[in-house]
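The chain contents come next:
6 protein chains.
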Amino acid sequence: MSVRAAIWGEKAEAIEESLKAVDEDLFRYIRDFAYEEVLARPGLDLKTRELLAITALIALGSPKELATHLEGALRVGATEREVRETILQSALFLGFPRALAAMKLFQKVLKGRGAPHEGEG
Amino acid sequence: MSVRAAIWGEKAEAIEESLKAVDEDLFRYIRDFAYEEVLARPGLDLKTRELLAITALIALGSPKELATHLEGALRVGATEREVRETILQSALFLGFPRALAAMKLFQKVLKGRGAPHEGEG
Amino acid sequence: MSVRAAIWGEKAEAIEESLKAVDEDLFRYIRDFAYEEVLARPGLDLKTRELLAITALIALGSPKELATHLEGALRVGATEREVRETILQSALFLGFPRALAAMKLFQKVLKGRGAPHEGEG
Amino acid sequence: MSVRAAIWGEKAEAIEESLKAVDEDLFRYIRDFAYEEVLARPGLDLKTRELLAITALIALGSPKELATHLEGALRVGATEREVRETILQSALFLGFPRALAAMKLFQKVLKGRGAPHEGEG
Amino acid sequence: MSVRAAIWGEKAEAIEESLKAVDEDLFRYIRDFAYEEVLARPGLDLKTRELLAITALIALGSPKELATHLEGALRVGATEREVRETILQSALFLGFPRALAAMKLFQKVLKGRGAPHEGEG
Amino acid sequence: MSVRAAIWGEKAEAIEESLKAVDEDLFRYIRDFAYEEVLARPGLDLKTRELLAITALIALGSPKELATHLEGALRVGATEREVRETILQSALFLGFPRALAAMKLFQKVLKGRGAPHEGEG
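Just so you know, the protein sequences line up as chains A, B, C, D, E and F, in that order.
The C-terminal position of the first sequence is numbered 121 in the working numbering, with every residue numbered one higher than the one before it.
The C-terminal position of the second sequence is numbered 121 in the working numbering, with every residue numbered one higher than the one before it.
The C-terminal position of the third sequence is numbered 121 in the working numbering, with every residue numbered one higher than the one before it.
The C-terminal position of the fourth sequence is numbered 121 in the working numbering, with every residue numbered one higher than the one before it.
The C-terminal position of the fifth sequence is numbered 121 in the working numbering, with every residue numbered one higher than the one before it.
The C-terminal position of the sixth sequence is numbered 121 in the working numbering, with every residue numbered one higher than the one before it.
Everything labelled a hint here was simulated from the structure, so no lab data went into it.
Owing to the predicted nature of the structure, the values given are computational and were not obtained by experimental measurement.
Just so you know, nobody snuck in bad clues.
Which copy? The list can't say, so a pair holds if one copy fits it or any two copies do.
The calculated SDA-like cross-link candidates involving lysine to any residue, where the alpha carbons are at most 25 Å apart (straight line), are: (1) LYS64 with VAL22; (2) LYS64 with ALA21; (3) LYS20 with GLU80; (4) LYS104 with PRO42; (5) LYS47 with TYR35.
Using the sequences and the accompanying hints, generate a full structural model.
Have a look at this one:
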């Protein structure tokens, strides 16, 4: 299974279509370099990689991309608790406002996943 | 063993003395809240916590604090490879300049550790 | 009166309920460490502390948390003029785009406060 | 033609009214210092200046101000391709999440411009 | 007394000469716009303005410019305690690493001021 | 000529050796993806690309990488004036402290280039 199939799950096709429509070259770089070259490297398991991605995205303050990897972390095997710990810890390094915004977003992600009409049941 | 003993290793006493001399209250917050409350939480192992700390510090671009946690990651059991993967991945989220600066710093940390006169042999 | 009662005003209960629902531990850290330990320290009056918070949040670019402290500054006695000066000055250090976004947000906060149905009249 | 007339185009009057209503002094600084003093300097053409502005705004992660200059770049003669290249390149320095968010925003800007009811036909 | 005379103190002439040698136009903007227009505005006292500047510079992580305003805050009447409180509070919003780096820098500034050979006695 | 030969000039070999020693994989990504794939794209001339790189690096506050591209901009045909304008403009978007630090660094770069023993005469 490709790394993006693992992280994007049932949304993979929709995300790929959307990225391709935004910019074909950027899509290609994200797919071939970011996901299938760098994130696919051995040496660190995908769950740890997704927790690192969450931390980087809390630092950037990019909510949409953060939501993608909050979901991605759960898909590749992180527990809700591990994601919460990752966000809590970010308060120490990046400040409470960033951690709080991320935790609110995670709450929304969890609610979305719980909803059966999201097709994930 | 306290979390700071694990992360700071043989430098713990020197770091504590130095922090205390800088500001007693900030030292107390770093010791009691950051290290012994938040970083000491169960739910995520200390090695993963240190890799997350490295990512946050690459985002901040804070070289001294980054060096502390690059060493700390190795002390709590991360392999050189795992630290390199953490830094490499940060290029995707935080850009190549930040990743490159962090990798140069890690090279210095590795050289410092290898030196027997550093008292770590 | 607690520091959060002073800063959050009539919204204190709603904010606490909402934070608690997001994450109990993060709520506890924000309440006990951020508000009632650090922001409650003597040595700097609460109005100055809120103007400093506004500056930090303009730097982070976190609109929701910024709105909380724009309101908070007014509640603990800052004048509209003092808040405007704080935002204007941030243009020098953090650039015009951040200052402009903050000033637009402050305009919304002021309109919200003026509305009698907000229950603050 | 003033620099702001060139960058803001047919929206100039609306933007000026809106800025003035937000804060008269900030408006004055943006108009007289930012636009008509610094951006109006010779030594670099306005198209290059707008591509630089786009890069700075991708770094800040400020979507509204970024949209203004994505449009502005097109108005002062940048091609769609040049704007795309500017955004693509930002991935190297500022990371993929920031570049992707900017490219999605540019897609919206392009759609808005194409719409005849926007009064730009 | 000009605002820069108040903030730069006995170093004013040296700083002006150095800025002018770096870039005459940037020097002129810093002198005429940043210091004598914006920082000179009434509506907020200079001590508060310097504490705000310190917060913004901790966010940016710019050590040289931060040192200038740590000294400047003391010159315009902030106590050592007020500066320490400003730095301590920044840990909440901007994270401990930034606050710690700033406090270490302040320690150096305080030592430099205490030294009689610095010509400040 | 490769893009890195154009940007790194007579320092190309030394930079490549140094990067390779830091991390072979990161070096490969920087060489093959960053320089020879993205920066080598047509659609934007190399001089404009280097001015964009300077802006992104001022935003990051990364002095070593910024120095590389300040020199690089001059090598691929930017005039001293164009680089100064790029830095001056960054004050509007990223604040004066970042612009000032960049201008001081550029002054050092210019002095280094002027020195005949640097092997560039």
